[in-house]
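These protein sequence lines map, in sequence, to chains A and B. Take 1 as the starting number for the first sequence in the working numbering and just add one per residue. Take 1 as the starting number for the second sequence in the working numbering and just add one per residue.
It is worth saying that the hints were derived from the structure and are not from the lab. For each residue, glycine too, the CB sits at the ideal point set by N, CA and C. One or more of the hints may lead you astray.
To be verified - Short derived list, chain B residues pointing at chain A, Cβ under 7 Å:
id, residue
1, 8
2, 17
3, 128
4, 165
5, 166
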Amino acid sequence: MPPKAEPPAMAQSDTHPTQGLTACHICDALCHDRQPGPGERIRCPRCNTVLRTGRHAAIDRLLALALAVPPLMAIGLAASFLSLSGGGAMNEASVLDAASAVATADTWPLAFAVGALIIALPALRAVALTYVLLPLRLGHAPARHARMAFRMAVDLRPWSMAEIFVIGVAVALVKVTGMASVTLGPAFWSFVLLAMVALMEDAVLCQRSIWDLLR
Amino acid sequence: MSGQVLTARAAGQVACTRCGAVWAPRLTSCPRCHARLASRPVHGLGPVWAWWVAGLLLYIPANIWPMLVTRTLGREEASTILGGVVELANHGSWGIAAIVFIASIAIPVSKFAAIGLLALAVRHRVPIRGHGLMVLYEVVEFIGRWSMIDIFVVAILSALVQLGFLASLAPGPAAACFALSVAFTMLAARAFDPRLIWDRIGEDA
Numbered sequence: 001m002p003p004k005a006e007p008p009a010m011a012q013s014d015t016h017p018t019q020g021l022t023a024c025h026i027c028d029a030l031c032h033d034r035q036p037g038p039g040e041r042i043r044c045p046r047c048n049t050v051l052r053t054g055r056h057a058a059i060d061r062l063l064a065l066a067l068a069v070p071p072l073m074a075i076g077l078a079a080s081f082l083s084l085s086g087g088g089a090m091n092e093a094s095v096l097d098a099a100s101a102v103a104t105a106d107t108w109p110l111a112f113a114v115g116a117l118i119i120a121l122p123a124l125r126a127v128a129l130t131y132v133l134l135p136l137r138l139g140h141a142p143a144r145h146a147r148m149a150f151r152m153a154v155d156l157r158p159w160s161m162a163e164i165f166v167i168g169v170a171v172a173l174v175k176v177t178g179m180a181s182v183t184l185g186p187a188f189w190s191f192v193l194l195a196m197v198a199l200m201e202d203a204v205l206c207q208r209s210i211w212d213l214l215r
Numbered sequence: 001m002s003g004q005v006l007t008a009r010a011a012g013q014v015a016c017t018r019c020g021a022v023w024a025p026r027l028t029s030c031p032r033c034h035a036r037l038a039s040r041p042v043h044g045l046g047p048v049w050a051w052w053v054a055g056l057l058l059y060i061p062a063n064i065w066p067m068l069v070t071r072t073l074g075r076e077e078a079s080t081i082l083g084g085v086v087e088l089a090n091h092g093s094w095g096i097a098a099i100v101f102i103a104s105i106a107i108p109v110s111k112f113a114a115i116g117l118l119a120l121a122v123r124h125r126v127p128i129r130g131h132g133l134m135v136l137y138e139v140v141e142f143i144g145r146w147s148m149i150d151i152f153v154v155a156i157l158s159a160l161v162q163l164g165f166l167a168s169l170a171p172g173p174a175a176a177c178f179a180l181s182v183a184f185t186m187l188a189a190r191a192f193d194p195r196l197i198w199d200r201i202g203e204d205a
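Using the sequences and the accompanying hints, generate a full structural model.
And the structure:
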């Protein structure tokens with residue numbers, strides 16, 4: 001590589017990043033780092049990746065979404081997920097019933113994996129995001145280990161699979177039609193909302209804005 | 001040089017892929033977010049290939065062994081992933097058969113091909129335009145998780161059995177293989193550094 005380009009900053013410190021610049025995490029292009037206006041998204045000029053969605057959106061909306069997860073999760077776990085009706089009798093089961101039933105049989109690895117993907121990891125992410133964002137929203141200094149908690153919340157995102165679970169339930173119900181008549185309860189719709197919350201989080205999460213505040 | 005855009009590497013800098021900060025190249029971890037700093041992956045494509053091979057090896061038993069074992073009137077019927085799709089189609093549930101086929105067969109197979117192609121293309125001359133590779137990368141990143149659908153289906157069905165809603169149904173040994181295979185290909189895709197694609201796009205320009 002010919003060393004044609006001049007480094008943008010002359011004296012670089014090991015504790016402060018180069019001011020006014022950010023690099024695209026997808027294509028490595030150096031971009032001017034500026035705050036977006038209301039409703040604006042700053043994109044990488046080279047590959048069009050969204051770099052910033054704005055500080056206000058990042059904190060307020062993300063915190064609101066994270067706070068919505070625990071109540072939805074409580075309903076999703078405890079309320080009736082499926083009910084079986086036939087011959088005048090009605091039988092209901094929650095996710096916790098299902099989990100404890102599957103966990104005691106020799107299918108426990110399956111129960112463990114599914115429990116982690118749809119319950120433990122989403123809940124952990126919500127707790128971590130709240131822990132990071134609440135002090136920032138209230139104008140306090142970042143909480144202890146906030147950087148670690150935020151990293152964890154971001155890294156766990158692909159493994160938090162509420163939206164995939166919802167589609168899986170639909171497929172399973174079609175498979176059992178004829179064998180049993182199963183209808184969906186409020187807990188299922190709670191999981192649908194959890195899936196939507198996760199997708200909305202993806203849309204508003206602005207990692208650069210939050211790292212600015214955590215430094 | 002990479003077209004008209006200056007990259008962090010061309011500027012003699014190292015960029016943090018987690019928080020976007022730009023640092024002097026002597027640093028090895030980002031002082032701001034503690035992510036590992038490397039202008040390009042230190043171990044190259046090694047981790048990508050390692051996860052890729054592990055995922056592919058597990059995808060073989062996932063397809064040969066039964067995914068679901070059904071017992072009716074003392075008769076035991078084991079169905080593989082493909083067998084389950086055929087069964088659904090025979091019942092006339094074409095839409096669901098298509099979802100399962102896409103999630104459990106089409107996506108995993110094309111994902112192996114796509115990740116392999118990406119890893120080959122950034123090192124060797126492959127006659128694909130760089131921007132085509134980028135689209136491929138984005139699709140792989142987005143779609144890989146959706147293969148888990150079948151695992152959730154099996155879990156829900158076995159919950160229904162345990163709760164007495166269904167007579168007899170059990171997950172087969174393929175379920176664990178398939179879940180691990182999906183997880184490993186997700187890790188392979190995440191180990192791939194898209195900056196390598198853009199380096200190639202820069203060379204092509």
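Hint check:
1. 8: holds, 4 Å
2. 17: This hint holds: residue 17 of chain B lies near chain A, its Cβ roughly 4 Å from the closest one there, short of 7 Å.
3. 128: Cβ of residue 128 of chain B sits 17 Å from chain A, so the hint is violated.
4. 165: holds, 5 Å
5. 166: Result: holds, 6 Å to nearest chain A Cβ.
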